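Asks: Here is how the chains run, residue by residue.
Number of protein chains: 2
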Amino acid sequence: MSPKTLKIDKLPTIRRLPAYLQILRALSAKGEEFVSSAFLADRMQIEAILVRKDLELTGISGTPRVGFRVRDLVTAIEKFLGWGRVLDTCLVGAGQLGAALLGHRELNQFGIRIVAAFDTDPEKIGSTLHGVTVFPLSRIEELVKRLTILLAIVCVPADVAQAVADQLVQAGIQAIWMFSSVNVTVPEHVIFQREDLLSGLAVLCARVARSGPTGLST
Amino acid sequence: MSPKTLKIDKLPTIRRLPAYLQILRALSAKGEEFVSSAFLADRMQIEAILVRKDLELTGISGTPRVGFRVRDLVTAIEKFLGWGRVLDTCLVGAGQLGAALLGHRELNQFGIRIVAAFDTDPEKIGSTLHGVTVFPLSRIEELVKRLTILLAIVCVPADVAQAVADQLVQAGIQAIWMFSSVNVTVPEHVIFQREDLLSGLAVLCARVARSGPTGLST
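Line order of the protein sequences matches chains A and B. Following my numbering, the numbering of the first sequence begins with 1 at its first residue and continues without gaps. Following my numbering, the numbering of the second sequence begins with 1 at its first residue and continues without gaps.
Isolated chain A (complex conformation) (with noise of 0.2 Å):
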């Protein structure tokens, strides 16, 4: 794998990786030394093959018998997912749904620090949350910029997405992990990942419109 890029053929791996390590590290947290892959599918709710070719892409193998050493997997993992890299990070939109990102306790796992926020609410402006200063979303391009901010987290209505989305690139971000129902457009060398809560609603809800009037379908 080129170290510049992700195979999409890797992402549903990469995105199973968080829930291994919470696995693990309750593993750790336990004393337990070895873990096999049989163990982890059951957790996972996967096939164990598929365990053993996630875990390869970590670079970490397990010892027929013995399985895979705990500790060796969390590093490898941590490593993987840039542990160790403190991610300096700005939140855009100091609405309840970032104050829930703020407050998220396996953020600072992935090595992100919120060192701002950014709102236009006069009355969130000025204020701290989660002990992180509230600023007037006019100062974004300033700050990021004078703080190195390299990840914004953005959490803003549908129809400012865009204009955010351009402010942030403007003002040399790195890399972007928005909250959106609607997509924007960035330059290819920003790294942009969207989250649509909506979306999967709309799956649960499709799937409940097909359930009949009484909702057990068996």
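What the hints contain is simulated information worked out from the structure, not anything from laboratory work. Here the structure is a predicted model, which means the values were calculated and not measured. Glycine is no exception: its CB is placed at the ideal position from the N, C-alpha and C atoms. If a hint is listed, it holds; no wrong ones were tucked in.
Selected chain A positions facing chain B (in silico; Cβ < 8 Å):
no., residue
1, Gln22
2, Gln96
3, Gln174
4, Trp177
5, Thr185
6, Glu195
7, Cys205
In silico lysine-lysine, DSSO-like type, Cα no more than 30 Å apart, as pairs:
no., chain 1, residue 1, chain 2, residue 2
8, B, Lys124, B, Lys145
9, A, Lys10, B, Lys10
10, B, Lys53, A, Lys10
11, A, Lys124, A, Lys145
12, A, Lys53, B, Lys10
13, B, Lys79, B, Lys53
14, B, Lys30, B, Lys53
15, B, Lys124, A, Lys124
Let chain A serve as the given structure and place chain B on it in line with the hints.
Replies: Chain B alone, transformed into the frame defined by chain A:
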């Protein structure tokens, strides 16, 4: 397509439907009567052929050189997603993410009506969140049955996710929308959709980790 099941290859389409809806509603609000697949493709950042395939699922086909009737598309997508059917819903875990979801103004476009929230925090129990009363988690079975709650939105820590799912299944819940980075097991008749916010972040961080010291991989 069977009325009871959704084929797995339709899932990407269904995940895009909320984004179509937002674009179409904005057009409708501006008084636009027709829309071309080229316009939708540009806004969705996908190929026009894929737009036409997506919209086929809702049963609406366009007219050459005229396009799709905006109003027909809105109605068809809403119907596909179960619009018009009210889904009485509870929120389990009234933390910040739960509050953010409760305050999400677009939930009602799916007919989601939150009728109760549950938490174990004595400070939250008895309070109201966006007008919804927070009950003790111990009353979940009783209230899900009594209020005939169909859907549960679950935002609880990973270590209690399975126990909460079990209680909901016991109470006869029809569908669970769970925000968690760990998997849980539910019987087949329960519609289950899991959102893992950390998995998107993992993909982003893995990309950033491979983007070189300056972060610009051009």
